[in-house]
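Q: Below are the chains, spelled out letter by letter.
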Amino acid sequence: MKITKGQRVALSGILIIISFMLKNTNGAINIANVFMILAAFVSGLPIAKNAFSALRYKIVGIDALVTLAVIGALFIGEYWEAAAVTFLFMLGEYLESKTIEKTRSSIKALLDLAPDISRVIRNGEEIEISPDEVIRGDIVIVKPGEKISVDGTVIEGGAYVNQAAITGESIPVDKEIGDKVFSGTIIESGYIKINADKVGEDTTFSRILQMVEEAQDKKAKTQKFLETFSRYYTPAIIILAVLLFLFTKDLVLSLTLLVIACPGALVISTPVSIVAGIGNGAKHGVLIKGGEIMEEMGKVKVLAFDKTGTLTEGKPKVNKVKAFGIDKDELLKLTAIGETYSEHPLAKAIIFEAEEKFGTISEIPEESEIVTGQGLKFKFKGKYYLIGNRKLLFDNGIIINENQEKYVKSEEEHGQTVILVSDLEKILGAISIADTIREDAKELIVDLKHQGIKKVVMLTGDNKRAAAAISKELGIDEYYSELLPEEKVGKLKELQAKFGPTAMVGDGVNDAPALASADLGIAIGGAGTDVAMETADVVLMSDEIKKLSYAIGLSRATVRNIKQNIYFAIIVAAGLIAGVLGKVVFLSSGMLIHELSVLLVIINAVRLLGYGEKRRNKKQFTVV
Amino acid sequence: MTNKTYQLSTFTCPSCTMKIEGALKKTKGVKDYEVLFNSSKVKVTFDEEIIENEDIKLILERLGYSVLGEK
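Sequence lines, in order, name chains A and B. With this note's numbering applied, the first sequence covers 1 to 624. With this note's numbering applied, the second sequence covers 625 to 695.
Quick caveat, the hints were computed from the structure, so don't treat them as lab data. These numbers were taken from a predicted model, which means no experiment stands behind them. For glycine and all other residues, C-beta sits at the position ideal for the given N, C-alpha and C. Careful: at least some of the hints might be erroneous.
[Claimed, not checked] Simulated DEER-style distance windows between Cβ atoms:
#1 I3(A) <-> K628(B): 28 to 34 angstroms
#2 K628(B) <-> D132(A): 17 to 23 angstroms
#3 G653(B) <-> I3(A): 34 to 40 angstroms
#4 K180(A) <-> G693(B): 29 to 35 angstroms
Using the sequences plus the hints, can you model the full thing?
A: Here you go:
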């Protein structure tokens, strides 16, 4: 019969209690001792077994030291010590494995989100298969409450999808034909058919899992240092114990030193905190690739942002329509009709705005001619119109009066691109278009300043006016405009030299070189973009840029947690060694303190799992 | 050369990793290894002509860890 660790600990504990009761009630010392020895055996057996298996490979581990100490204790008749040490050691191990599992719980929760079945159409029939068996190009059907098992494109139906597994955001997103969906996400309502683009281990979800798993074991610098330290520390303690025995001839004392001085809490201090920290991040849609990255992110002094697609949504939008002498709606509609055949992003913004307002526009121009670099000329209902910049109007002899020019200038100074509309006689209106700033960008910059980030900088390839307007609106300290990708790298180097550790934040698509050359590369909106996930050190899976300040806070909390653990472990170890040498601490009490210190270190790390939750709840409260 | 990743029962102490590393270091035919403490996994690169997959599993089991899966 195989008994579990827990049962073993319980049995051993009961035996110890019985032994004590016997001793106190009728003084049957011999029987009491037998129970004590039994208790020592119950707990000690697995320890001894482990010790011997390790010895076979010439490795002296803590098991061997404990076994040796217990044999010594039994030999000199210290039965209580022997039982207590084995019991405490096993109890410690048991509790440690339980609490350590807790630090890994957020990652386990992520694993549980993996899809387990997949419904596909094969030979015209709907069948259920394992997600591993789905191949690219399969048509996958997903119903409400079910998990999507592939990365793919919706080809039929529509649904609200909870994408928490990927982005950490549990508010459902509307998915329609042509939209991309991700494996591991759940359909809350609706029904969709998906064309499988990526399956099995290639899906974003599988790759996140893989990266999180690898990240947990990428050692932090502190951890590497501690491992080197323990490589010298353990032999040093052994030598100390041998010397102690030679001088004092006190075997028990030397053994006690050996057992108690094991650097358990110290060695475990860093990895447990990092696992908890990375797990917390993964749960909130922030992928942090390893312990060293955590440490780096905690130290960042400067944050450099890419503009388009990072601080802004990367999609131009109509912000203002100004009409001169005609109706505003009429102007917008006319312009949209004129832009029908244009592929220009600004034209698309105008059409989008007009269709939002008036519904689908089916009228088309009778003639349309592109004037390169200036705009276009079109004919509608027998009349010619112009859409474009100043030069287009000027070349066609249209006069812009002083007031109109003043209006256009002021719009431009606010970062808008102004599109002018005219007929062949006079100007009809001006439409202001700009990339929209992300809703949470302003809040983020404020939060970052509160967190003590020295400089928030914007690096952009866009023109100076647009850059100036956006950095003014967001409260950015410095901006550098009209930069080529390689110039961004150069600017980053300057910032690093001037202010210290610098992180680059981008969407990961066009700024991969900058992400790679900064001390820390942070990509946002990483779900679905492979390059971003590969090149960046930190990936925010969703578009919510605000999570950046959470990520920085989390890193700092993790580093703080590690430091607390290390200081605590060192103090306890030093105290124990002093106590043993001063004969205040004995084998069993020393073991108790040692195991307790390991447990406390783990429990401290578990606290990290709650990081960010409290703040969220508070915010919800103030809203209510 | 063969690459295998073994999923073991939960590691509780970092000294476990040292024990496994030590044992693998002394095993003939094992070219490279990595013990992942947090995910309780061991990655081993070994020469199938000198040592078999089953032997490596046996070593891990003997050290006191059950092999829960392999890849």
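Q: Does the hinted range 28 to 34 angstroms hold for I3(A) and K628(B) at CB?
A: Check passed, 31 angstroms falls within 28 to 34 angstroms.
Q: Look at the Cβ atoms of K180(A) and G693(B) and judge whether their distance stays inside 29 to 35 angstroms.
A: holds, 32 angstroms
Q: Do K628(B) and D132(A) keep their Cβ atoms within the hinted range of 17 to 23 angstroms?
A: Given about 19 angstroms between the Cβ atoms, the range holds.
Q: Can you let me know if the beta-carbon spacing of G653(B) and I3(A) is within 34 to 40 angstroms?
A: holds, 35 angstroms
Going through the hint list in order, the structure satisfies each hint without exception.
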